[in-house]
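Participant: So you can see what is in the structure, the chains are spelled out below.
Protein chains: 2
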Amino acid sequence: MNTINIGLFGFGTVGQGIYKVIGRAANAHAEIKRICVRNLSKPRTVEVPAGLLTDNENDILDDPSINLIVEVVDNAEASYRIVTSALKRGVPVVSGNKAMIARHLPELIELQRRYDTALLYDASSCGSIPVIRNLEEYYDNDLLLEVKGILNGSSNYILSRVFDHNEEYAAALERAQQLGFAESDPSFDIEGFDSLFKLIIITVHALGVYVSPEQIFTYGIATINSHDIRHAREKRMKIKLVAQVVKVSDERFTMFVMPEFVSPSKYIYSVDDEYNGVVIRGECYDRQFMFGKGAGALPTASSILSDVMARRHGYRYEYKKMGYMNRPAYSTDVVLRVYLRYTGRDYLDGIPFLNICEMHLSEDFNYVMGDIRLSDLLACREQLSDPRVFLANIPRFFLELDE
Amino acid sequence: MNTINIGLFGFGTVGQGIYKVIGRAANAHAEIKRICVRNLSKPRTVEVPAGLLTDNENDILDDPSINLIVEVVDNAEASYRIVTSALKRGVPVVSGNKAMIARHLPELIELQRRYDTALLYDASSCGSIPVIRNLEEYYDNDLLLEVKGILNGSSNYILSRVFDHNEEYAAALERAQQLGFAESDPSFDIEGFDSLFKLIIITVHALGVYVSPEQIFTYGIATINSHDIRHAREKRMKIKLVAQVVKVSDERFTMFVMPEFVSPSKYIYSVDDEYNGVVIRGECYDRQFMFGKGAGALPTASSILSDVMARRHGYRYEYKKMGYMNRPAYSTDVVLRVYLRYTGRDYLDGIPFLNICEMHLSEDFNYVMGDIRLSDLLACREQLSDPRVFLANIPRFFLELDE
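Protein chains in written order, with our numbering: chain A, 1 to 403; chain B, 1001 to 1403.
Just chain A, with the same shape it has in the complex (with noise of 0.2 Å):
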């Protein structure tokens, strides 16, 4: 077990966090030896000794004392360039950087295999909760149903705003976006996509089959309104934004991204603000309920500084599941019993409903609940962007299976 010398591509907020997490780990016996930034002459608060700084990607790729690349910088392109890079070098990488990895999660496999090299990547799924490494590790058999939880930290956040605190919607997003929980463009977060390439990582580690996003159902929290948190708050639930992952029998799971009306008995009804919760259940074990935070520069650096202290003993993801037998196969043939809240008197003439139990119609507040096939709500996703509508999951049917 020798030192790791890490070179660390990207310094914002997080890549300060790993700066200073690394310093505090003296068992670690990790130093950071080279850091590739943009802008050189970019502010920053964490300072440095001189000459550690360098804006040549290949003054880390090319410097063959440097055994473990850090890549944390905040775009998939450069994310993708150095990461497949240095795999194809055989140096092994610990990354975060989600959408990259679940858009090139294949290819990044197949990368590890051909040059015997490794890529870690808990920090990129509930920052600092230990998901991917217990669903590869302590999860790893048959027994395991379905993994569900609360991935994304920004939008929690508004949503804990919302609903525990009364807030408008709006003020609640702009004070998620001046406490640094959301960025800028919230897009990302309150739209769901955070949470769904969490959720495919995931799923690769959970059932051992990769799924591309655009395969997949995907609804943010953008459109909710004051009707739509009235009618939860009467019903005494909170509205979150939840993703999962079932298995709805022997040969098949779905999998999506959606808000749900969540009531008080659940576990993550109490996942409040910033954090993540994720429901992992199984035959024998019923459900385990992990809880952490999930956003943040350091609760992210010490899940980055977990994955540097792991190659340090060489470990890599097995990717076992994906070699096991009879993996169940991606299905959208399932019925979700979800809440529809739309505008004008034709909107619901395009959207399949198998069936509507309840209506309401009033002057400024139309919704159906019904039951509708997955399958049509991903082909009804242009109709249902509508920015005057909103969908929630209503947990039911095989939902059932539900904690």
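Hint data in this document are derived by calculation from the structure and do not stem from the laboratory. Be aware that one or more of the hints could be misleading.
Unchecked claim - No farther apart than 27 Å at their CA atoms in a straight line, the calculated lysine-lysine pairs in the DSS-like style are these: (1) K1247(B) x K20(A); (2) K1020(B) x K1033(B); (3) K42(A) x K20(A); (4) K33(A) x K1088(B); (5) K1088(B) x K1033(B); (6) K320(A) x K1320(B); (7) K1020(B) x K320(A); (8) K1088(B) x K1247(B); (9) K1020(B) x K247(A); (10) K247(A) x K320(A); (11) K1020(B) x K1042(B); (12) K1320(B) x K20(A); (13) K20(A) x K33(A); (14) K320(A) x K1247(B).
As the list claims (entries may be wrong) - One side only, chain B facing chain A, incomplete, derived with CB under 10 Å: (15) L1143; (16) F1291; (17) G1296; (18) M1325; (19) N1326; (20) A1329; (21) D1376; (22) A1379; (23) C1380; (24) E1382.
It should be emphasised that the depicted structure is a prediction, and the values quoted were computed from it without experimental measurement. Glycine included, each C-beta is placed from N, C-alpha and C at the ideal position.
Chain A is already provided as a structure; the job is to place chain B on it using the hints.
Facilitator: Frame of chain A, contents of chain B only:
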């Protein structure tokens, strides 16, 4: 990765659970080759093929085709004999016997090193929650500050019936026994020893230090009465049996098992019934919470399955933190604030409180709240074990560190 041929010791409820779970896990590539029981003619609910059962330990230990021993006998001496015999033959072992492991861990670690083999025991602490593995691997760094939780499902079930369902303590205990959550002799659970043994194992993997049982202050819930319960309720708190190990400085840590007044804002407040919940606190990531079924044959069996599958990949605990620089030292020189309910005018005389901040005297209910050194509680163990006395921790002081 070869097939795992298991020799199973013990075929009570947990052993039978393992038999069922392994049968369901096709991708485990594991098979139970032989089962050693004490009494061949005892009736069992699970039927097994003729010839699988034996009452001769050597039928397993001497069988060269068996490459993993799983040991779940309910007797600590037999467990010690089986585990050490197997390790000395170089055969890896999965065990769930927390009492045996907690008492003999230094020797068991040495045997694993000397005979280059492995002993896994994630099932020994918190049933199905992967606490040990995560402390060993994921929290393998200098950031960890505290592990605190409800580690015993039986006592928690009883307290839960009392606080959430208004049952009398005696009725709740009886119900727990009927449901199989508590043994016919429940002292192991309700006097805190089960939690203690788990805490000892957790501490080895959390901080790399072994502390033997007799050095650790352990107080259970056996003497709780209706006054204590009403007192807690009036303050809108629950009393829970809590085990904790806490770094009190860079150089020192402390640990103990004690009933604790828990306020609704704490994660462990909502850990009810037979569930376990563990809070892991560290620099940077703050608090993480893991929650799941802590007791029961199938949850324990699912945890054993995780250890069995880990052996397919050659996994072993490296006890990495035992080799850390600057390991903290165990100390009882910390001050706790406690609640002490007692009987008899002179009872308090021998108890060296540093100060008393509240005192209540009435015909049938006397208590004090005050500050006392943990070392003095240890020294007064005898006096505190009076059946008319009940002691509970009130988190404060260094436990301001608490969530």
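Participant: None of the hints should be skipped; say for each whether it holds.
Facilitator: These are the hints, each one checked on the structure:
Distance hint between K1247(B) and K20(A) is fulfilled; the C-alpha atoms sit about 21 Å from each other, no more than 27 Å. About 14 Å separates the Cα atoms of K1020(B) and K1033(B), which keeps this hinted pair within 27 Å; it holds. Between K42(A) and K20(A) the alpha-carbon distance is near 18 Å, which keeps this suggested pair within the 27 Å criterion. For the proposed pair K33(A) and K1088(B), the alpha carbon gap of about 44 Å is over 27 Å, so the pair is violated.
Between K1088(B) and K1033(B), the direct Cα distance comes to roughly 21 Å. Compliance with the 27 Å bound is thereby established for this hinted pair. The hinted pair formed by K320(A) and K1320(B) meets the criterion: a straight-line CA distance of about 25 Å does not exceed 27 Å. Between K1020(B) and K320(A) the alpha-carbon distance is near 23 Å, which keeps this suggested pair within the 27 Å criterion. Taken as a hint, the K1088(B) and K1247(B) pair is broken in the structure, with Cα atoms around 35 Å apart against an allowance of 27 Å.
Restraint check for K1020(B) and K247(A): satisfied, since their Cα atoms lie roughly 21 Å apart, inside the 27 Å limit. A hinted pair counts as satisfied when its Cα atoms are at most 27 Å apart, and K247(A) with K320(A) qualifies at roughly 18 Å. Of the pairs offered as hints, the one joining K1020(B) and K1042(B) holds, with about 18 Å between alpha carbons and a cut-off of 27 Å not exceeded. Annotation: proposed proximity of K1320(B) to K20(A) holds, straight-line Cα distance about 23 Å (limit 27 Å).
Our distance criterion of 27 Å between C-alpha atoms is met by K20(A) and K33(A), whose separation comes to about 14 Å. Proposed proximity of K320(A) and K1247(B) is contradicted: the alpha carbons are some 37 Å apart, above 27 Å. The restraint placing L1143(B) at the interface with chain A holds, with a minimum CB-CB distance near 6 Å, inside the 10 Å limit. With its C-beta approaching chain A no nearer than about 4 Å, F1291(B) sits inside the 10 Å limit, and its interface hint holds.
Given the 10 Å rule on beta carbons, the hint for G1296(B) holds: about 9 Å separates it from the nearest Cβ of chain A. Below 10 Å, beta-carbon pairs count as interface contacts, and M1325(B) has one with chain A at about 6 Å; its hint therefore holds. Interface restraint check: N1326(B) against chain A, minimum CB-CB distance 7 Å, threshold 10 Å, status holds. About 16 Å separates the beta-carbon of A1329(B) from the nearest beta-carbon of chain A, more than 10 Å, and the hint is not met.
Proximity of D1376(B) to chain A is violated relative to the hint, the smallest CB-CB distance being about 34 Å (cut-off 10 Å). With 10 Å as the threshold, the beta carbon of A1379(B) stays out of range of chain A, its nearest partner Cβ sitting at about 34 Å, so the hint is violated. A hinted interface residue such as C1380(B) counts as satisfied when its beta carbon comes closer than 10 Å to some beta carbon of chain A; here the least separation is about 37 Å, so the hint is violated. Evaluation of the E1382(B) hint against chain A yields a violated restraint, the C-beta minimum of about 40 Å exceeding 10 Å.
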